[in-house]
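Participant: Combine the two chains into a complex, taking the hints into account.
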Amino acid sequence: MSPIPFDPQHLRLKTLHPALALRSRILQLIRGFFVDRDFLEVETPVRIAAPAPELHIDAQSSGTAYLRTSPELHMKRMLASGFERIFQMGPCFRRGERGPVHHPEYTMLEFYRAHADYRDALADTKALIAHVAKALHGSLNIVYQGRPIDLATWERLEVDEAFILHAGWSPVRSYDADRFDLDLVDCVEPAFPKGNPMVLMDYPIEAGALARRKPGRPEVAERWELYIGGLELANAFSELTDADEQEERFEICTRRRNDAGRETYPRDDEFLAALRRGLPPAAGAALGVDRLAMLFADAADLGDVVAFQESPD
Amino acid sequence: MISVSDLRKGLKIEIDGEPYEVVDFQFVKPGKGQALYRCKIRNLVSGGTIDKTYRAADKIQKPDMHERDLTYSYADGDNFVFMDENYEQMLLGHEVIGEQKAFLVEEIEVKVLFHNNRPIEITLPNFIERTIVETEPGARGDTATNVNKSAKVQGGYEIAVPLFVNEGDTVRIDTRTGKYADRVSKGG
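As you go down the protein sequences, you meet chains A and B in turn.
By the count of my numbering, the first sequence reaches residue 313 at its end, each step adding exactly one.
By the count of my numbering, the second sequence reaches residue 1188 at its end, each step adding exactly one.
Excised from the complex, chain B in its bound form (with noise of 0.2 Å):
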């Protein structure tokens, strides 16, 4: 059990048998009242966000949560491969893994959060490389930072990147922000 002195932001509590995070926590107290705290937390699985007040005396459910690295191998229909250190296959569903799929690539070490041995989500390395295939060839000498263009990369996945990346370049992308960070090398 959590107590409710314990609420922090980013803490993980259950209800319901449904994980939780809390994003936002605020101390009130009503006139004269009994002081009260109030959360916004977040559905770890279904991602919705809901407003929960708690009395200083509640107790609230700690989840049974744990992390594992996984290897990800390779997609089959909806699902997604990965693999444990004794070559154990998991499969993920779609509804894990959602938007980041697109940063998958074989090979990559991801980090697997599970609830009562659920998998809930799965958290990428920072930044991941990435080879341009398609984008626009950029002028000549042209070195400007602040001008963008569109580029795809292996993948299928689209990015603005600066102008003087070319086809071929290799780039690393942030994950967090599905964004460009900076170009690893330029291509043959």
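Chain A with its partners taken away, still in its complex shape (with noise of 0.2 Å):
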């Protein structure tokens, strides 16, 4: 007989059986958490025709489609179509990410609410994460990395406002997309309280493709994003609902693709078409299920809390 070969990918897998139970329990809570407030959990497409267009988000191909980047645009035909409360956990793709909070392959965790905006789609999250915390720890109170975090504590900080006091600038008045990435992770994203939640809110008109712009204040998107312990947990908008705005949205950002030498997506017509027979006004967010899971096993590298980390890029 021989040898049984060394494979490093089963020592792996046996040390991470801790993590990968604490995992399936955050699933199953996050299940509940939806179910309980008459959410239906659904299930969309993961090979795609027409993914959203993004700037600095590049689909990976499947034959002659792609693989979902987000299941936003399903999800959204099916508040046009009715369907109030939804919310869905599965995989998307995103190619050429990887690090230490970023895999190529990942789970997502997406929730909308018609008849809502972003204030909204705070609360749920907020309520989510103590159901999470309450589930797991009896408490509000967890340690991520050696620091305390109180998860009943949360701050919102504008945009404008964390950039003109960080970075001395104002996107809202005259947005660089170049200098506003590089400043949000230079200055402003380092002078965020290290633990508590942390909520920056109402983003340029520019870097909210897919948001509504905020009633009296037009330079302004509904959208925010959330960071527990450093971790950028997820991102939330009040939901776009005019059709011709949308889809003025896509063609400046599929040109700025062009225009930057990136694969162009084609349109999503269906989607558009969708937007014309009406959306309520809604809200959703997009919650990355992995990083939850690092938040809450405390690990500092997502490939801690996954089972496989090979798949390509």
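Hints are not guaranteed to be accurate.
[Claimed, not checked] Once the Cα atoms are required to be at most 25 Å apart in a straight line, the calculated SDA-like pairs of lysine to any residue come out as:
1) 1032(B) to 160(A)
2) 194(A) to 1052(B)
3) 1040(B) to 192(A)
4) 1032(B) to 227(A)
5) 1032(B) to 173(A)
6) 1009(B) to 102(A)
7) 1032(B) to 252(A)
8) 1040(B) to 145(A)
9) 1040(B) to 96(A)
10) 1032(B) to 106(A)
11) 1009(B) to 185(A)
12) 1032(B) to 258(A)
13) 1059(B) to 256(A)
14) 1040(B) to 177(A)
15) 1040(B) to 168(A)
16) 1032(B) to 195(A)
17) 1032(B) to 45(A)
18) 1111(B) to 1081(B)
19) 1052(B) to 164(A)
20) 194(A) to 1049(B)
21) 194(A) to 1054(B)
22) 1009(B) to 190(A)
23) 1040(B) to 231(A)
24) 194(A) to 1033(B)
25) 1149(B) to 1164(B)
For the record, the hints were derived by calculation from the structure and aren't laboratory data.
Facilitator: Below is the structure:
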């Protein structure tokens, strides 16, 4: 009999048992949370014809189609057909993203609520995280990477205010996409309180391709991003329901992708048709399930909370 | 030019004419934003560490660096005199040698890293041998290895050695940690 070859993947999986058990509980807690609140769990296609155009998100191709970068457009089509509270957890794929908190295949939770805005999505997110923390730890006080975190204390900061304070310029008055990303990473994020939940809200309209303009402040998009313990956990919008404006923003984005020498994707006409039929005012949020598991498992690397990390770039 | 996708730990780069080494780098991508590479880089001359963030499309300058084997001869005031294979002398200043002067012995071969023909760093052999010139005598028959005492080696450098090491013994020192490795031979 030949000796059994040494298999590091086998050893890695064995040590992951506690983290994967915790992850499984988190998945069940998320499902329980939404089901208790009358949300319907839905499944939308993973292999799609037209990924939502985003300047910096590249889709993985799959034959003549693509793997979804998010289930957003299909879920909004369901909203337009009368589904008022829906959620979905499943794999999403983004080409070329690999790092301590990025994998090219990852698990996303998205939930949508009709007749609501991004503030309602924030209240849902806050309640969800409290629900998971209480069930896992019996308390809203957790420790992540040595830092105590109080999940009851949420801070909010407007993007413009944060940039004026920490980067010395106003992205809402004059948006500079390149500088925005750099300063966000180099000046703004490092200035955040290190532990407690931090909500960065009201993005320049250019940085919210699928978000509604804030009533009375058309230069601002109703979008927020949630950070906990330095992890960027969730993104939410008051959904843009105006079909013409959405179509125009898709065109601008496709043009910018083309100018930047990046692949462009077919326009999702079914989605635009759904908007024309009428999408009720709605809010939606997307939350990285792997990162949520990192937070509660006190893991520094996303690879510590997934069973397999060899998915190809 | 080096492209950002080639960044990795240990890579040497040049910024504003100064040589740096990448000590840490991380892929980051703020929500919906562009891919960025957040790096910690160490100035190879001053030793200071700074943060630097690169965009995927950025190009990074490649430093002109080479390494040479030189043999140490002697110290001349604040300078250290080295010899190349053609017996040409070369002076290296205190700022290049730093703490490593404790391990410089005559005839020792070192690797010297040059940036634009300026020496910036020396690498000693991993182990060097020195003779103990001063230490308390160890208790007779005591061969415990987990108890240490202080000892002075030729040249004045002080290290912690096990109790069984005596004056006149030759020991090996790991130059990367500055610590005692083992005893090579017992003294007369």
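Participant: Against this structure, judge whether each hint is valid.
Facilitator: Going down the list of hints, with the structure as the test:
1. 1032(B) to 160(A): 17 Å, holds
2. 194(A) to 1052(B): 20 Å, holds
3. 1040(B) to 192(A): Cα-Cα ~20 Å, so holds.
4. 1032(B) to 227(A): 14 Å, holds
5. 1032(B) to 173(A): Between residue 1032(B) and residue 173(A) the Cα gap is close to 20 Å, so the pair holds against 25 Å.
6. 1009(B) to 102(A): The hint holds at about 19 Å.
7. 1032(B) to 252(A): 16 Å, holds
8. 1040(B) to 145(A): Roughly 20 Å between the alpha carbons, so the hint for residue 1040(B) and residue 145(A) holds.
9. 1040(B) to 96(A): Between residue 1040(B) and residue 96(A) the Cα gap is close to 22 Å, so the pair holds against 25 Å.
10. 1032(B) to 106(A): 16 Å, holds
11. 1009(B) to 185(A): With Cα atoms ~20 Å apart, residue 1009(B) and residue 185(A) stay inside 25 Å; holds.
12. 1032(B) to 258(A): Status holds; Cα separation ~17 Å.
13. 1059(B) to 256(A): 22 Å, holds
14. 1040(B) to 177(A): Holds: residue 1040(B) and residue 177(A) sit about 24 Å apart, inside 25 Å.
15. 1040(B) to 168(A): Within the cut-off at roughly 24 Å; holds.
16. 1032(B) to 195(A): Between residue 1032(B) and residue 195(A) the Cα gap is close to 23 Å, so the pair holds against 25 Å.
17. 1032(B) to 45(A): 22 Å, holds
18. 1111(B) to 1081(B): Given that 25 Å is the threshold and the Cα spacing comes to 14 Å, the pair holds.
19. 1052(B) to 164(A): 21 Å, holds
20. 194(A) to 1049(B): 22 Å, holds
21. 194(A) to 1054(B): Within the cut-off at roughly 23 Å; holds.
22. 1009(B) to 190(A): 22 Å, holds
23. 1040(B) to 231(A): 19 Å, holds
24. 194(A) to 1033(B): Status holds; Cα separation ~21 Å.
25. 1149(B) to 1164(B): 9 Å, holds
Consistency with the previously given hints is maintained throughout, with no hint failing.
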